[in-house]
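Asks: Spelled out, the chains give:
2 protein chains.
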Amino acid sequence: MVQFVSVENMIALIQDKGIENIIMGVAEAIEDDFKRWPDFEKQPRIASHSALGVIELMPTCDGVTYGFKYVNGHPLNRDIGKQTVTGFGVLADVETGYPQFLSEMTILTAIRTAAMSALAAKYLARTDSKVMAMIGTGCQAEFQAHAFKVMTGVSSLRIYDIDDAAMDKFERNMKGKGFDIIRCDNAQKTLIGADIVTTCTADKRQAKILTENMVGQGMHINAIGGDCPGKTELEKSILLKSDIFVEYPEQTWIEGEIQQLDKNHPITEIWKVFTGEAKGRKNNGQITVFDSVGFAIEDFSALRYIMDITKETVFAEDMDLLALPENPKDLFGLLG
Amino acid sequence: MVQFVSVENMIALIQDKGIENIIMGVAEAIEDDFKRWPDFEKQPRIASHSALGVIELMPTCDGVTYGFKYVNGHPLNRDIGKQTVTGFGVLADVETGYPQFLSEMTILTAIRTAAMSALAAKYLARTDSKVMAMIGTGCQAEFQAHAFKVMTGVSSLRIYDIDDAAMDKFERNMKGKGFDIIRCDNAQKTLIGADIVTTCTADKRQAKILTENMVGQGMHINAIGGDCPGKTELEKSILLKSDIFVEYPEQTWIEGEIQQLDKNHPITEIWKVFTGEAKGRKNNGQITVFDSVGFAIEDFSALRYIMDITKETVFAEDMDLLALPENPKDLFGLLG
Chain A
0 MVQFVSVENM
10 IALIQDKGIE
20 NIIMGVAEAI
30 EDDFKRWPDF
40 EKQPRIASHS
50 ALGVIELMPT
60 CDGVTYGFKY
70 VNGHPLNRDI
80 GKQTVTGFGV
90 LADVETGYPQ
100 FLSEMTILTA
110 IRTAAMSALA
120 AKYLARTDSK
130 VMAMIGTGCQ
140 AEFQAHAFKV
150 MTGVSSLRIY
160 DIDDAAMDKF
170 ERNMKGKGFD
180 IIRCDNAQKT
190 LIGADIVTTC
200 TADKRQAKIL
210 TENMVGQGMH
220 INAIGGDCPG
230 KTELEKSILL
240 KSDIFVEYPE
250 QTWIEGEIQQ
260 LDKNHPITEI
270 WKVFTGEAKG
280 RKNNGQITVF
290 DSVGFAIEDF
300 SALRYIMDIT
310 KETVFAEDMD
320 LLALPENPKD
330 LFGLLG
Chain B
0 MVQFVSVENM
10 IALIQDKGIE
20 NIIMGVAEAI
30 EDDFKRWPDF
40 EKQPRIASHS
50 ALGVIELMPT
60 CDGVTYGFKY
70 VNGHPLNRDI
80 GKQTVTGFGV
90 LADVETGYPQ
100 FLSEMTILTA
110 IRTAAMSALA
120 AKYLARTDSK
130 VMAMIGTGCQ
140 AEFQAHAFKV
150 MTGVSSLRIY
160 DIDDAAMDKF
170 ERNMKGKGFD
180 IIRCDNAQKT
190 LIGADIVTTC
200 TADKRQAKIL
210 TENMVGQGMH
220 INAIGGDCPG
230 KTELEKSILL
240 KSDIFVEYPE
250 QTWIEGEIQQ
260 LDKNHPITEI
270 WKVFTGEAKG
280 RKNNGQITVF
290 DSVGFAIEDF
300 SALRYIMDIT
310 KETVFAEDMD
320 LLALPENPKD
330 LFGLLG
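Heads up: the protein sequence lines correspond to chains A and B, in order.
Residue numbering for the first sequence is 0 to 335, as defined by numbering that gives the first Met the number 0.
Residue numbering for the second sequence is 0 to 335, as defined by numbering that gives the first Met the number 0.
Don't read these hints as lab results, they were simulated from the structure.
Among the clues, some could well be false.
Identical chains share a label here; the pair holds if one copy fits it or two copies do between them.
Said to hold, decoys possible - With a straight-line Cα cutoff of 16 Å, these simulated EDC-like cross-link-like pairs (lysine to aspartate or glutamate) come out:
(1) Lys81 to Glu325
(2) Lys281 to Asp92
(3) Lys176 to Asp78
(4) Lys16 to Glu268
(5) Lys240 to Asp329
(6) Lys271 to Asp38
(7) Lys121 to Glu311
(8) Lys174 to Asp261
(9) Lys81 to Glu94
(10) Lys240 to Glu7
(11) Lys81 to Asp329
(12) Lys281 to Asp242
(13) Lys310 to Asp15
(14) Lys174 to Asp329
(15) Lys41 to Asp61
(16) Lys262 to Glu94
(17) Lys262 to Asp242
(18) Lys188 to Glu211
(19) Lys235 to Asp261
(20) Lys148 to Asp319
Whole structure, please, built from the sequences with the hints as guidance.
Replies: As C-alpha cells, then:
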C-alpha cells in the first residue's frame, strides 16, 4: 500500500502541529538536503507550456529515494475562481522502484516555498531585520509571513497588492498572529524602511514590480514570483547592483530574474552558502537577491518530512495503487 | 475531486468488461491517437537509472489533455518476490492545469503494451497468421496472447521460458481460453512454424534471444523486451534483413533493438503506417520487426479510455488530492 496524505489530512496535520512548526520542519529538511547537494540527480523541470499556463514535472533522486512533483501554473485561473497553482508529489524507493508516498502539494508547495525563502533569508538578510515589505498578498503571502516570523524574526509587515480584496484577506488571516501590519497603497511606499522585500506576484509576463530607486542599501530581496520563461518582477538594474543567490542555476537561467542578465554574470548557488563554501551576506550595506524559482529538491525535502511525520498516524491513509501479485510473474492471475 | 481507479477497481472493471474488450478499447484509443501523432508533444521518457533498475516519467500532451505515467523497471525484483514493473498514471486538463484522473498502471501498462503489440501486428503480420511463438512467459505473456487472439486471429501459441514455473503459470492461466498451446524446450524449437514471434524477456543486458538462423521468411517479430539502454533481445543480423517499425524514433534509438544499428539505418514510424502515409507489410516473404519500447502516447490513450469508461461508475472513486479554496487567493484560509 502507498501512504497517502489527502488535502483534508494535510489541513488536519497543520492544525495539529501548527503552521510554524511544519514550516520549520520543512526548512530543516531542505537545509539538510541542500547541504548534500552533490548527492542528488538534478535537472530543470520538465515543462509543458500552453496558452493559459504550464504543467510541470519536477523529479530528483538521492540514490535512496526518488521523488517528483506535478505542479501547474495558470495565472488566469484566478479570474475564473480557480487556483493558479495546484500540485501533488510522490516519493519512491530507488531499490525496488515502488512508489511509497503520495501527497497533496497545493498547500505543501506554499509551505516549502515559504520555508525555502526564509531559510535563504536566514543566511542572506541582515540579522537585525524586523520589517518585511510584501508585494503581492495572494496565496503565498500568509505562509511567507509565518516563515519569516519564525525563522528570521520579522515582526512588522508592510503590504501591497493591486487587488484590495487580497489585502483584506491577508489582514483577516493574519490578525492576532503577532504581526504589526501596515497596508500601503503602492509598491514604492511599501518598501520604505523595509529590511526584507518579498515579491510574489502572478502575472505571466516581464513586469517591473520593483524598480531601482525603491531599493535601499542593505536590503534583502526575496524574489519568488519570477518563475517561468518571460516572467520576471525586478528591474534589471536592481540585479546589477546586487549579489544574486539561486537554487539551481540551470533552471534559474531559464525561469528566474537572471533571465534578464548576461550568462556570464556572477551568481552564487545557495547550497554553497548553507555548507559554508560560499559567503552569504558580507556586510550591512550589501543588497542581496534570492532569485527563487523553486527546485525539485525542495519538494523532495518537504515530501520526506511529511512522509516521516504522518507515517502510521491518522493523517495518512493506505492507497491501493500498486498491483502486487504473490507470484511476481503472475500479474494476470490477479484478474482470475 | 480527482477520479481515481485503484488496483481493486481496475481488476473489477476488467472482470466486468472482459480482458479482450478492454484490450480492444485501449487499442482503438491508441490507433486514434497515433493517427493524430503531430498533435502531441513528444519527448523521450525522463529516466533515473540506478544499479538495480530505472524509474521513469513519461509525459505527453495533445493541447487539451496532459498525461504522464510513472513507471519503474527493476528486473531483479522478481528474485525477491517483487514486481519488476509497477506504475500509475495521471491525466490533467490543460486549460486549468488541474489533475483530473489518477489510475493504477501496473495492470494497465500490461494491457496497453499488449494492445500496442497487436495493433502493430494487425498492420505488419501476414493476414493469415495463426501461430505465435512467445519467448518469455512472464507478466506480459497472457495479455499479449489475448491481444493477438482478439486482434489478429492467433489461435496457436508456441511458448518458451527459461523458468519452467513461468510456463506452468502461463498454461494454467490460459487454459480454456481458446488457444492451442505447445510448450517448447528452447527458443529455436519455439519458432518452428511461427507466423509471429513475441520476445518479452526481462534481463537488463544485451542478449540474443533470437538469432538469425531461427527467423524464417514472412515472419513478424514483436520485440518488446528490449526497452532500455544496453538491453536488447535480437541478433543484429536479424535487424539487417528486416523492415523495422518503431513508435518514437528519438526514444527507440536510445532504448530499442536499433541501439545496435547505424543511426542512418532506415526505420518507419508506425503511426505513418496507421495513417497510410507509409507502407506496412509489402509482401508475404518480408520479415517485419516492431521494435517496441513503449511510448507516452500509448499510456495517454489507455488512461483516457479508462477515464471515459469508469466516469461516474462504481469503478472510480473520488480522491481528495486538490486543495481548492472557494476564494482562489485564500489558500491559507483552508487552514483556519
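Asks: Tell me, which hint numbers fail for this structure?
Replies: Hint check: 2, 3, 4, 5, 7, 8, 10, 16 and 20 fail, others pass.
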